[in-house]
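Taken in sequence, the protein lines are chains A and B.
So the first sequence is numbered by numbering that gives the first Met the number 0: it starts at 0 and just counts up by one.
So the second sequence is numbered by numbering that gives the first Met the number 0: it starts at 0 and just counts up by one.
Incorrect hints may have been included.
[Claimed, not checked] Selected chain A positions facing chain B (in silico; Cβ < 10 Å):
{"no.": "1", "residue": "Thr6"}
{"no.": "2", "residue": "Ile15"}
{"no.": "3", "residue": "Cys25"}
{"no.": "4", "residue": "Ala27"}
{"no.": "5", "residue": "Leu47"}
{"no.": "6", "residue": "Phe50"}
{"no.": "7", "residue": "Ile54"}
{"no.": "8", "residue": "Leu66"}
{"no.": "9", "residue": "Ser123"}
{"no.": "10", "residue": "Leu140"}
{"no.": "11", "residue": "Leu141"}
{"no.": "12", "residue": "Ile142"}
{"no.": "13", "residue": "Met202"}
{"no.": "14", "residue": "Glu210"}
{"no.": "15", "residue": "Phe217"}
If you are wondering where the hints come from, they were derived from the structure by calculation, not from laboratory data.
We treat Cβ as the ideally placed atom computed from N, Cα and C, and that holds for glycine.
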Amino acid sequence: MIVIVITYIVLIILYIKGVMNVFLLCRADSKESIYLREKGYPAPLIYLISFIDVIFFRRLFRINKPLWLGEWLFHISFLFVILAHLRFLLIGLPSWWSHIVCIGKYGGIVMPFSLVYILIVRASIDWRRYISPGNLFLILLLILISLSGLFMRYINRMDIIDVKAFVTGIFTFNLQPLPDSRVFVFHYLLGLVLLLYLPSHVMTAPITVAEARRREEFRI
Amino acid sequence: MKRTFTEGLGRKELAEIKACTQCRECLRYCPVQEVTGRVEISPSEKIRIYRDFIERTESLRALITGRDIPEQLLKDFTRAVFECTTCGVCGEVCPAGIDTQRLWPLLRREMVKRGLGPVGGQAEMPEVIRNTGNPYNQPPSERYRPWFPDETEIAEKAEVAYYVGCTGAYQAQPMVRGDVLILKAIGIEFTMLKEEEEVCCGFPLFITGQHELLEGLVKRLVDAYKNKGVKELVCSCPCCVNMMAKDWPFYYGKELPFKIVHVTQYALKAIKTGKLRIDHGLEERLIYHDPCYLSRGVGVIKEPRDVLRSIPGVELIEFDRWGRLSRCCGAGGAARKVFHDNAVAIARLSIDEACHRGADRLVLSCPACYEKVNDAMKDYPKKVRIVDIMELLSEIIYGQNA
Ligand code: SF4
Ligand code: SF4
Chain A
0 MIVIVITYIV LIILYIKGVM NVFLLCRADS KESIYLREKG YPAPLIYLIS FIDVIFFRRL
60 FRINKPLWLG EWLFHISFLF VILAHLRFLL IGLPSWWSHI VCIGKYGGIV MPFSLVYILI
120 VRASIDWRRY ISPGNLFLIL LLILISLSGL FMRYINRMDI IDVKAFVTGI FTFNLQPLPD
180 SRVFVFHYLL GLVLLLYLPS HVMTAPITVA EARRREEFRI
Chain B
0 MKRTFTEGLG RKELAEIKAC TQCRECLRYC PVQEVTGRVE ISPSEKIRIY RDFIERTESL
60 RALITGRDIP EQLLKDFTRA VFECTTCGVC GEVCPAGIDT QRLWPLLRRE MVKRGLGPVG
120 GQAEMPEVIR NTGNPYNQPP SERYRPWFPD ETEIAEKAEV AYYVGCTGAY QAQPMVRGDV
180 LILKAIGIEF TMLKEEEEVC CGFPLFITGQ HELLEGLVKR LVDAYKNKGV KELVCSCPCC
240 VNMMAKDWPF YYGKELPFKI VHVTQYALKA IKTGKLRIDH GLEERLIYHD PCYLSRGVGV
300 IKEPRDVLRS IPGVELIEFD RWGRLSRCCG AGGAARKVFH DNAVAIARLS IDEACHRGAD
360 RLVLSCPACY EKVNDAMKDY PKKVRIVDIM ELLSEIIYGQ NA
């Protein structure tokens with residue numbers, strides 16, 4: 000029961016946070032300096048280039064290639080892991096979703112390695128200065144989440160039906176018993192912590208990266 | 000109703016503050032970090048703290064814990080955001096693409112509105128500019144007279160105008176003298192505003208977050224050039240050029256009726272079309288320093304190098320970080336007087352590198368760099384001869400007694 004209460008609290012917090020952020024963004028002045036509006040590539044091309052910048056993390060690639068490798072692998076595997084997790088949440092996913100689940104399976108293996116690799120690359124520069132406490136916390140959290148996920152997948156397999164019933168039950172207010180596994184509870188609760196601490200760059204960085212391209216192209 | 004921390008921000012800036020991943024890539028390039036090593040004034044910390052201000056005042060947390068922020072935290076943040084040189088290299092290397100060169104001035108403005116900034120003598124700037132037209136409290140009558148080359152015609156009206164800029168006029172006179180000599184050598188008819196009409200471009204006010212006078216200054220300048228029929232406004236100061244190209248249209252309310260051109264762009268065009276001939280050579284190893292607001296600000300990177308390469312005999316070498324990644328000379332952000340020790344220490348990094356690379360001369364193209372690098376060489380064992388790019392060109396074209 001307590002897990003379910005925690006889940007609802009987290010969801011309410013997330014909802015309020017989301018609404019407040021959207022409110023702040025809508026309220027903010029949308030005026031921008033004229034130079035960004037007028038100059039640069041023709042619209043379709045700039046959108047395409049910016050899109051490539053976003054999905055391949057070009058900016059990071061330019062500056063720190065070893066770190067880029069870890070970060071890109073982490074983000075892309077994380078994305079597929081999340082997409083694969085949707086099968087616990089949604090009913091009626093198309094049949095081709097099984098391919099995504101399959102990629103997600105590999106993503107789940109890559110994820111902890113990429114996170115450890117990121118820590119090593121950062122530490123090799125200067126551990127104390129270049130790893131922010133917030134970032135370290137997040138990386139450790141993700142490592143724990145992914146390791147517990149892998150444990151359930153390969154060592155102590157969970158009954159998918161139970162998990163799905165439990166998770167969908169929360170959203171449909173048709174509460175179902177918590178699957179009987181400590182590792183699952185651990186994984187699930189840490190997942191909730193991750194949702195609370197989900198860095199806002201996940202939403203906004205694609206926009207700012209795209210914007211940066213326009214700035215780079217600016218010449219007098 | 001209390002002022003909020005998001006009030007003075009646009010959507011872009013708000014998204015940027017939320018976009019910082021705290022990856023700290025920026026720390027490896029920040030010149031202030033290089034000389035102070037204080038993480039608490041680093042770009043990532045500034046963004047994190049500002050984000051925290053927003054969270055503490057305009058989020059769920061604010062509803063639960065109250066909206067107060069300790070005074071000391073606000074003061075420390077203000078100092079950190081003013082200690083920056085606004086060089087913008089942090090934004091250049093930022094994987095999230097945060098436009099820090101513009102973000103810091105806006106955060107500074109917020110602290111000014113809260114009565115916490117600006118710092119030191121910066122606070123007197125608006126009053127001084129209102130009285131004298133320049134931030135150095137110098138008489139307008141001395142703006143051109145001490146350095147302006149003899150027998151140089153200034154047209155009443157012309158398609159090309161030259162804007163000197165306050166720092167060049169009062170603190171780096173060989174540089175602006177070089178500009179005028181080159182315009183003269185090109186043989187172009189150009190106009191200038193009268194000494195008391197050529198007021199500050201607004202950059203120091205923009206950068207220190209004191210934006211009240213800006214609209215007035217910009218409209219006054221733009222209209223004055225418009226009345227002279229100007230089509231191209233030539234200027235050598237990167238800060239002015241940046242302000243004109245990016246912010247003047249904003250404060251003017253529409254596109255400018257003329258183009259902004261950096262003097263190296265103008266000179267290069269003249270060299271290419273044969274209007275400016277460089278007959279004498281120079282057997283020297285030159286190292287060129289990119290000013291932050293010229294390279295990262297307006298993308299003028301190739302032109303100064305092409306100008307230098309067009310001088311026969313010149314060997315052009317580069318700093319380790321050049322172009323968009325160049326290191327600040329220390330003078331930026333209107334912080335060079337208030338945080339003098341930082342500025343000198345940063346400038347000395349470039350002096351060291353220029354010496355290490357065996358450069359005969361360090362070529363600059365910004366009056367603030369010129370002043371600061373000169374200053375940093377006082378009482379410093381390492382020395383490198385410095386010269387402004389147009390000063391050098393005029394020396395070659397007119398001979399040593401230019
Ligand atoms: S590089 Fe950009 S995203 Fe990373 S910490 Fe610095 S400002 Fe934030
Ligand atoms: S603008 Fe330059 S000095 Fe300021 S924080 Fe960024 S890198 Fe450091």
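Evaluation of the provided hints:
1. Thr6: violated (17 Å)
2. Ile15: Holds: closest Cβ of chain B sits about 5 Å from Ile15 (chain A), inside 10 Å.
3. Cys25: holds (8 Å)
4. Ala27: holds (4 Å)
5. Leu47: violated (17 Å)
6. Phe50: violated (14 Å)
7. Ile54: violated (13 Å)
8. Leu66: holds (8 Å)
9. Ser123: violated (12 Å)
10. Leu140: violated (14 Å)
11. Leu141: Cβ of Leu141 (chain A) sits 13 Å from chain B, so the hint is violated.
12. Ile142: Where the cut-off is 10 Å and the nearest Cβ of chain B is about 17 Å from Ile142 (chain A), the hint is violated.
13. Met202: holds (7 Å)
14. Glu210: holds (6 Å)
15. Phe217: holds (6 Å)
Violated hints, listed in ascending order, are 1, 5, 6, 7, 9, 10, 11, 12; each of the other numbered hints is respected by the structure.
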